[in-house]
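Peer 1: The listed protein sequences correspond, in order, to chains A and B. The numbering of the first sequence is this note's numbering, which starts it at 1 and goes up by one. The numbering of the second sequence is this note's numbering, which starts it at 101 and goes up by one.
Just so you know, the hints here were simulated from the structure itself, not pulled from any lab data. It is possible that part of the hints are untrue.
[To be verified] The calculated lysine to any residue pairs, modelled on SDA-like cross-linking and capped at a C-alpha distance of 25 Å, are:
id, chain 1, residue 1, chain 2, residue 2
1, B, K171, A, A79
2, B, K148, B, L138
3, B, K171, A, G52
4, B, K171, A, R16
5, B, K148, B, E111
6, B, K148, B, K171
As the structure is a computational prediction, the values presented were derived from the model and not from experiment.
Number of protein chains: 2
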Amino acid sequence: MTRVSGARDNEANLTRFGAAVRARRNALSLSQEALADLSGVDRSHMGKIERGERNVTLLNIVRIAEGLNCKPSDLLSEAGI
Amino acid sequence: MTRVSGARDNEANLTRFGAAVRARRNALSLSQEALADLSGVDRSHMGKIERGERNVTLLNIVRIAEGLNCKPSDLLSEAGI
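Whole structure, please, built from the sequences with the hints as guidance.
Peer 2: Laid out in structure tokens, this is it:
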């Protein structure tokens with residue numbers, strides 16, 4: 001038995017997180033660039049995070065949540081993670 | 101004005117996350133090694149995460165939460181993040 005998530009689950013979790021970021025960002029009428037600058041995250045890295053193409057770190061989750069004026073745990077809840 | 105967290109905040113967030121993992125692990129009477137094996141996270145990496153010495157990734161947060169039988173968002177809430 002393995003408890004470890006497969007590659008497909010991993011991808012889905014990253015995609016869901018990115019979608020939650022994008023949804024909050026759009027709700028605030030922020031551009032991706034504006035959110036990157038507010039969060040102190042590199043702009044191209046932010047794009048990859050939103051598309052679920054990067055395994056985002058806890059410190060970047062915290063920074064992005066600050067930029068979105070919400071709690072990191074809310075962002076994960078909204079992503080269904 | 102900078103919205104970006106300072107080094108001290110970063111450290112505090114990682115330490116709080118590690119403490120939340122440890123608290124749940126102890127509540128389940130799991131050894132650090134057992135949790136590492138359940139989660140599929142390298143044992144020495146798990147030790148560093150619990151001590152707040154590593155910037156844990158979202159996929160490892162998900163794996164650790166699975167090992168602890170809880171939601172990743174709960175783990176962040178319990179860490180006050």
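Peer 1: Hint by hint, note whether the structure agrees.
Peer 2: Verification of the supplied hints:
Proximity of K171(B) to A79(A) is assessed by CA-CA distance (about 12 Å); at most 25 Å being required, the pair is judged to hold. Distance hint between K148(B) and L138(B) is fulfilled; the C-alpha atoms sit about 17 Å from each other, no more than 25 Å. Between K171(B) and G52(A), the direct Cα distance comes to roughly 19 Å. Compliance with the 25 Å bound is thereby established for this hinted pair. Distance restraint check for K171(B) and R16(A): the Cα-Cα separation of roughly 14 Å lies within the 25 Å cut-off, and the hinted pair is therefore satisfied.
For the hint linking K148(B) to E111(B), the alpha-carbon distance of about 12 Å falls within 25 Å, and the restraint holds. A C-alpha spacing of about 21 Å is found between K148(B) and K171(B), which places the hinted pair at or below 25 Å, so the restraint holds.
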